[in-house]
Structures are given as structure tokens and as C-alpha cells.
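Chemist: Given next are the chains, with one letter for each unit.
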Amino acid sequence: MTDMKINFCGVEFKNPIVTASGTFGFGMEYNEFAPLAEYGGIGAKGLTRVPRAGNPPPRIAETPSGILNSIGLQNPGVEYFAEYIMPILAEYDTNVIVNISGNTVEEYCEMAEIISATDAALVELNISCPNVKHGGLAFGTDANVVNSLTKEVRKHCTKPLVVKLSPNVTSITEIAKAAEDGGADGLSLINTLLGMKIDIETKRPILKNNTGGLSGPAVKPVAVRMIHEVHNAVKLPLIGMGGVMTGSDVIELMLAGASLVALGTSLFAKPDLIYDVKRDMQSYMDRHNIEDINTIIGAAQMW
Amino acid sequence: MKKQEVCKLIKKSEIADGIFDFIIESADIAAEAQCGQFLHIACGGNMFLRRPISICDASNGEIRFIFEVKGEGTKLLSKKAVGDVIDVVGPLGHGFEIKRSVRKPIVIGGGIGVFPLYKLTKQLTNATVFLGFRNKSRVVMEDEFDAVSALTIVGTDDGSYGYNGYIASAMEGYLNLNDCDMIYSCGPMPMLRAVKKIAEERGIPCQISLEQRMGCGIGACLACACETKKDGTERYAKVCANGPVFYSEEVTLND
Ligand SMILES: Cc1cc2nc3c(=O)[nH]c(=O)nc-3n(C[C@H](O)[C@H](O)[C@H](O)COP(=O)(O)O)c2cc1C
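Sequences listed follow chains A and B, in order.
Residue numbers in the first sequence follow the numbering used here, run continuously in steps of one, and reach 303 at the last position.
Residue numbers in the second sequence follow the numbering used here, run continuously in steps of one, and reach 1255 at the last position.
Looking at chain A on its own, in the form it has when it is part of the complex (with noise of 0.2 Å):
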């Protein structure tokens, strides 16, 4: 058996599997398909400093090879979650990976200030919803947003801070240095690409929201391409997903230079995903002989 433990921020994972926020909830309903421990890690949905409501519905449309989704944030707030749900998490032997958007930096900052008390292991900045209106994706896309949004909740944060990029900007390498000078430890990608689904019957968009978050199989080229593209240009670790299915897409994201990658949009077709994901990894490590699954992370060489 090869060693799939990832040391991530300084925290241990014990394989590099962990899921998408916003797709597992807070992992109880998965956690009856396969058992929460087989994960290294789980991300919760994301939280909000106070609880929302999110979209009128559909929030949900299919698109080839994905899905778009216009939740927008329904949660019950970062101090339900702080109180009643992480300590619920915290017996299960995984690392928890807390997401969390603000409306504004205070906002975050009392966000991370709330979570950096409890047992989650890494807070991950959320600056890349498309289904909010205010917050999310608006400060995501800035280079100075994003610095001195990090720069400040640095401060407040004494757990590993990972900021989660948007694909929807022109150069994501710009966004992913300007969080590593604000002081991030890790960066996570991708978050969802904004899209649109007409109805040519009602001409109108299936999404109440009208516009949603491409993800699925359908964004995973472009996550490839992000990912190497940050592993590139800054010295962080990373957590790659987007639209990642198999234990070779696992592989594939870290040859592109992530450290840990989640499965998402991918456990609605298969929640017990996990399972043949590790397989197949195991599967390629053994017929390429390797020992250790650190020696793959960003390991594909270009042309």
C-alpha cells in the first residue's frame, strides 16, 4: 500500500480526498453511504455570519456533463454551525474544512474569529460565490480586494487560512499572489463558472436565479489548466477540484499541482464515490511504483 498521507498547512491528512463545500452539506447524509473517516477531510457548506435563506427555486439544472446551481447560500449561520454542528464533526475522525462568505471584511473576519475557536481544521476563505448578490465573487475578482481582504482576516484567523478562488476572472494567477501576500497558507480551486440554461418552450432561464455555477465533469479541463497555472506562480498548497469523478481525475489534479482534492458535484451521481476513487488511485500508484503519493503533486512536466 503506498502512503497517501498529505501534510497539509501542517495539518495531517490521511489520503488527499476531501469533498466541495456546498455539495455535502455538513456530511451527515453522506456519511450514511460511506463513513465521514474515509475522507481525509470534509468541507461544510458554506456559512455565512448570519443564517440565509438562499434562492427561490430551481436552483438546480442540468447542463451537458454538469450541473448549474443557484442555492445561494442557504445556512444556519456560522454560530449554530460553531455551536451545534461542529461538535458533532469533531468526533469523527476526519479533518473539517470550515467555508465561510462574508458581506463585508468584518464579516469575514468575525467568521474566522468564530471558527478559529472551535475544532475545524482549516478555514477556507469563500470569495467566489456567483449566487449572491452582495459579497462572494465580487470580492474574489479584485487583486487588492483580495490582499487586503487576507490581510485582515489573517489577523483574526489562528487556524490554516486556504482562500477559495473563482474561475471567472481574466488572470487567476493575479488573484491566487495577491491572497499568498495577504498572508494565505493554502488556496483552494475552482469554484464554479457562472453560466445560463434557457428553457427554448418558456424562453425563460430554468434557474429562478437565472444565472448559476457550472460544475461537474464539464469544468474539469479548466480546473486542470487553474490549478497548474497557481502551483506555477505561487509556493502555497493546494486544494484542486471541479468536476473531478475518478480516482484518475484525482490523480490528474495533482500532477496539475494540488495537494488535496475534493470530490463535489460528482457524489450526486455516486454517493459512494470514495470508494472506487480510492481504488483507482491505489490502482495507478501501484503500476506506476509509487511509494509515496507527495512525489505526484504538480509532477507533470510540459512540453
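Derived by calculation from the structure, the hints in this document are not laboratory data.
Some clues are possibly wrong.
Stated by the list, open to error - Listed next, the in silico DSS-like pairs over lysine-lysine satisfying Cα-Cα at most 30 Å (straight line): (1) 1070(B) - 203(A); (2) 1197(B) - 1104(B); (3) 1075(B) - 203(A).
Position chain B with the ligand against the provided structure of chain A, taking the given hints into account.
Modeler: Okay, now just chain B with the ligand, sitting in the frame of chain A:
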């Protein structure tokens, strides 16, 4: 542990134009299935999302579900042949609540909304059933409901068969003369709104099965929201996990 299961299709028929009646094999799902629950079904091909389809009946290791071809996913599913396998997660969701104290239940379904009501009607044994369809060619399962209910009334919107008009009006007329202490309902939104109104005006508890575009189907992704009367983070309930069956007073049925 819940699991995803690959089940064999053992019987298939097209009971009306574009409406397919499937029976699949699974001892576990059949044993667990409650009326009003659904299966989350992988349609095959390149369709990424599963499709939620209500359980019509389940017993002796067999599960029956009936669906209408509406888009690419259900079209692919309809192409499956007897002997093929179907990838299923289920049974999922919170189904109908059968209360022992209920003496005079009404079951009312419209169009493809009649299918999720069949197992329920069987279990109730004494229900008065109202089934509404667009026209005569769309009438399905009349005899089957008739055999397991106290009375089954069928209507068509265009009057080409049975009661002439919307089936909720037929139920309203019945309620003017008869008692009822629980209404169970499934069907198109305009019908559900009418049923909800009639039930609430008369103070009759009413359970409604809802549909929504779903993601994970197990309550994790929050895609299949329906509006409730609560505020804040409880404004939207999860159709897949809190439902698909709700009491009419919990939900607004707003668009
Ligand atoms: C239904 C849904 C909800 C999501 N919610 C969040 C969220 O709350 N916070 C966040 O940072 N990303 C959210 N995302 C983005 C995912 O975490 C991930 O970045 C993206 O879906 C790409 O990965 P995938 O293709 O494997 O799903 C959401 C994605 C989906 C499909």
C-alpha cells in the same frame, strides 16, 4: 448504511402515450419502501443527475414506478429493456403519514401525480379516491385504484371521460355532502393549490407530495427547495429530505 443498488428491470409496459410502468427487483428497497417515498434513478447515457421518481408500489422484492417521458433523462430511462439493470438510490424522502385515527381519508391525484398515491391507497383500504386527467387518452390505473379503495372517481379536464372538469372541484362537491378527516394529494401545482385551499377552508388536514428539480436527493446540496411559511434559514425546506410529502399548512406552494 444506505447504498446505491443496481436493480434488474423485470417488467415494462407503456400504459399511455409516453408513460412507462416499470417493475424492478430489490429485496432491500421493497422491504424498506414507505408510501410516498421516491427512488433516485440514474437514467444512463451522459445524464449526470439522477431523476427522482416516486414509488408506486413495493412488495415481495419488487418495486414498481411509473414515469412520463419529459426530457432527455426520462427518455433514456424509457429505452431500458426487460433484463437491463437500473442504478437506483433509495428509498428516499419522507413519505405520507398514515394515522390510525383517520376514518375518512380522501386521496386526490392529478395526471402523473396519481402514481405516488397507489401504495398509500392500498394501505388505507377505505379511501375515497379522486383521479384527474387532461382527457380520456390520459386516464390510467382507474381499475387498480378502484380495486383498493372504497370509491374511485375519475374526471377529465375536457370532460371526455368521467367527471367533467377539474378534479379538485369534484372533491369539493363531494366534501359538501360528506365528511373527511385527511386529504392526501399529489399532482400539478394548480391542482395542489386548489386542494390546499379547499382543505384549509374546511379545516381538514392535508398532506401534499411535491416535486422539484433535485441534486443529491439526500438532503445535502439544498437544490430542491420549496418555500415554507417560516422565516430565515428555514424559509426553504428540502423537498428530498423534509419531503416530498408536506402538510399543506407547512408550505406556501408559491412559484
Ligand atoms: C450545489 C452546490 C453548492 C455549492 N456551494 C458552495 C459553497 O457554499 N461554498 C463554496 O465555496 N463553493 C460551493 N460550491 C462549489 C464547489 O465547492 C466546487 O468548488 C465546485 O462545484 C467545483 O467542483 P465539482 O465540479 O467537483 O463540484 C457549490 C457547488 C455546488 C454544485
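Chemist: A separate judgement is required for each hint: does it hold in the structure or not?
Modeler: Going down the list of hints, with the structure as the test:
{"no.": "1", "hint": "1070(B) - 203(A)", "result": "holds (17 Å)"}
{"no.": "2", "hint": "1197(B) - 1104(B)", "result": "holds (19 Å)"}
{"no.": "3", "hint": "1075(B) - 203(A)", "result": "holds (22 Å)"}
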